[in-house]
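Chains A and B, in that order, are what the protein sequence lines are.
The opening residue of the first sequence carries number 1 in the numbering used here; numbering runs sequentially from there.
The opening residue of the second sequence carries number 1 in the numbering used here; numbering runs sequentially from there.
Please keep in mind that the hints were generated in silico from the structure rather than gathered at the bench.
Small disclaimer: the values here were computed from a predicted structure and weren't measured.
Check before you lean on any hint, since a few could be wrong.
Said to hold, decoys possible - Listed below are several chain B residues computed to face chain A (Cβ distance under 10 angstroms; list not exhaustive):
#, residue
1, 155
2, 157
3, 312
4, 315
5, 326
6, 327
7, 328
Note that beta-carbon positions come from the ideal geometry of N, C-alpha and C, so glycine has one too.
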Amino acid sequence: MPRREYQSQLEDLRADVVAMSDLVLSRYADALETMATGDLDLARRVVDGDREVNRRYLALEGDCIDLFALQQPVATDLRFVASSFKILTDLERVGDLAANLAEYEGHTGADRYGAVDVLDVADFAGEMVRDAMRAYETGNPTACREVAARDGTLDDRCARAAETVFTDLLGAGAGIADGPSDTSGDADGTAKRDTADGTADRAANDTADVDVDAVTDDATRLLLVLRDVERVGDHAVNVCARTLYATENDTELIY
Amino acid sequence: MSNAQQESTDPSTGREAEQPSTERDIGQPRTERTTERPGTEGDTQTTTAGESTEQLRDEWTDYHFDGPAKLTVEDLSVWYGDEPALRNVSMEIPEHSVTALVGPSGCGKSTFLRSLNRMNDRIKAARIEGSVELDDEELYDPNADVVELRKRVGMVFQSPNPFAKSIRENVSYGPRKHGDVDTGLLARLLGRDDSDEEAALVERSLQRAALWEEVHDRLEDSALGLSGGQQQRLCIARCLAVDPEVILMDEPASALDPIATSKIEDLVEELAQDYTVVIVTHNMQQAARISDQTAVFLTGGRLAEYDETDTIFENPESQRVEDYITGKFG
Chain A
1 MPRREYQSQL
11 EDLRADVVAM
21 SDLVLSRYAD
31 ALETMATGDL
41 DLARRVVDGD
51 REVNRRYLAL
61 EGDCIDLFAL
71 QQPVATDLRF
81 VASSFKILTD
91 LERVGDLAAN
101 LAEYEGHTGA
111 DRYGAVDVLD
121 VADFAGEMVR
131 DAMRAYETGN
141 PTACREVAAR
151 DGTLDDRCAR
161 AAETVFTDLL
171 GAGAGIADGP
181 SDTSGDADGT
191 AKRDTADGTA
201 DRAANDTADV
211 DVDAVTDDAT
221 RLLLVLRDVE
231 RVGDHAVNVC
241 ARTLYATEND
251 TELIY
Chain B
1 MSNAQQESTD
11 PSTGREAEQP
21 STERDIGQPR
31 TERTTERPGT
41 EGDTQTTTAG
51 ESTEQLRDEW
61 TDYHFDGPAK
71 LTVEDLSVWY
81 GDEPALRNVS
91 MEIPEHSVTA
101 LVGPSGCGKS
111 TFLRSLNRMN
121 DRIKAARIEG
131 SVELDDEELY
141 DPNADVVELR
151 KRVGMVFQSP
161 NPFAKSIREN
171 VSYGPRKHGD
181 VDTGLLARLL
191 GRDDSDEEAA
201 LVERSLQRAA
211 LWEEVHDRLE
221 DSALGLSGGQ
231 QQRLCIARCL
241 AVDPEVILMD
251 EPASALDPIA
261 TSKIEDLVEE
271 LAQDYTVVIV
281 THNMQQAARI
291 SDQTAVFLTG
301 GRLAEYDETD
311 TIFENPESQR
321 VEDYITGKFG
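This is chain A alone, in the form it adopts within the complex:
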């Protein structure tokens, strides 16, 4: 087949993007492990390792630019290179999120909220990325749609987990206030402020054993973790959207 060099560059790009996703996903798995174990060394390695992810990201972005400039891809090739270019950004962001999660060094606040299985939700998001990249690797449009459809489930799980945190928080606030739980649950800021305000006046009474700073800190961390996990899922959907465009010229998931 003519343009053999070009063809092999396209295949190299595909393999390199998949390899980058392997790297990012292993960092993400490490980050989840630090959340579970509080392994500080591992957490440090994940955070430091983000530089390597960024370096690869820029190198592969450069490869895409070279292909555009020197080979002028068209049709499926064009859609593939353009999609890879976009997908690289999503993978780099997943790498950033893994570093974010590792920075908590195990203090995610999950201990206080036993009902929230944050690791399980985070695994679910990681699987979405893994399967989205498999769809990219094999050019499988059916898998793209299937993985993208899982995002609703992930969002629901994150929303439910956040509700659990809020409900607990309100309960704690009520405990501190030693009154009925009459604050409506939709105003998290209000709830937190109420809790904080209550500290000075009432902490000396019957709730002296509740460390309010620790409660709010844990809640905040856990909500941030959930937000990051939800974003990981969004990047998986982006990978699917671009892959579907590359394989079928279908922009259904992009818009």
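Starting from the known structure of chain A, fit chain B onto it as the hints suggest.
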């Protein structure tokens, strides 16, 4: 369709995944996008250039556009002796636009272009069937005036072919021949000298061909002293001087350097505001850059696909068209 089935037909290239999944859903035989190599079967559509077999579909050439069609080609076939050069080509070319004709060598694109102003009439062995209408007039009507036709449909060739005359005479030659300007002795004697008119026509044509600035102070010099790119723009000026409606260009920039090519390309886009331009090119990027719609011809003289240029270059229907524009054969 099960996932397993899907994945089993998806090689790592992702090539097969591109086929609309509905076709696999209903289990149709895979007549398109097969990848047999030459010589693996007796199909005459398989070529030594590595072109795969594929059943062409009428809807791939069914291009709709707003506005009137300047040229309407129906079921056009051309033979050189017993060899078919063009087979049953139908397409409508919109007015005031650039239509690119691309395809591998021997696909019939130049034959098609030449049949738009009956240049093939000059080849004795050529036989033509079908119809070409310019506006609503049949070009191949036995009573059609070929001279008048070629005035309405101008042509620019691959290598610049100026006459061995002055720059001015190159431009005024056509209008004089057609009797549009007259500067001869008799006309002067009769007081009908069109010299001023001719000078204006020469300037206007050279301006339109983006050559005036470079040659206005040496109009009496021989055209053969111009550079290749200037000669080609002179040929375009010569073509414009007879005020055509359609301009046919056969690889007009293939013999030119990048700067001269850019000038021709800019010119083509500008001309399309007032003229209907049909251009044959081997340069895919040139077709992509300057044309509004692209027609892809494939080996055997068939029109494979005809659509808006961005559709052809981003998402062609035909696998063979895709293979051609990505440089996998041809």
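Non-conforming hints, listed in increasing numerical order: 1, 2
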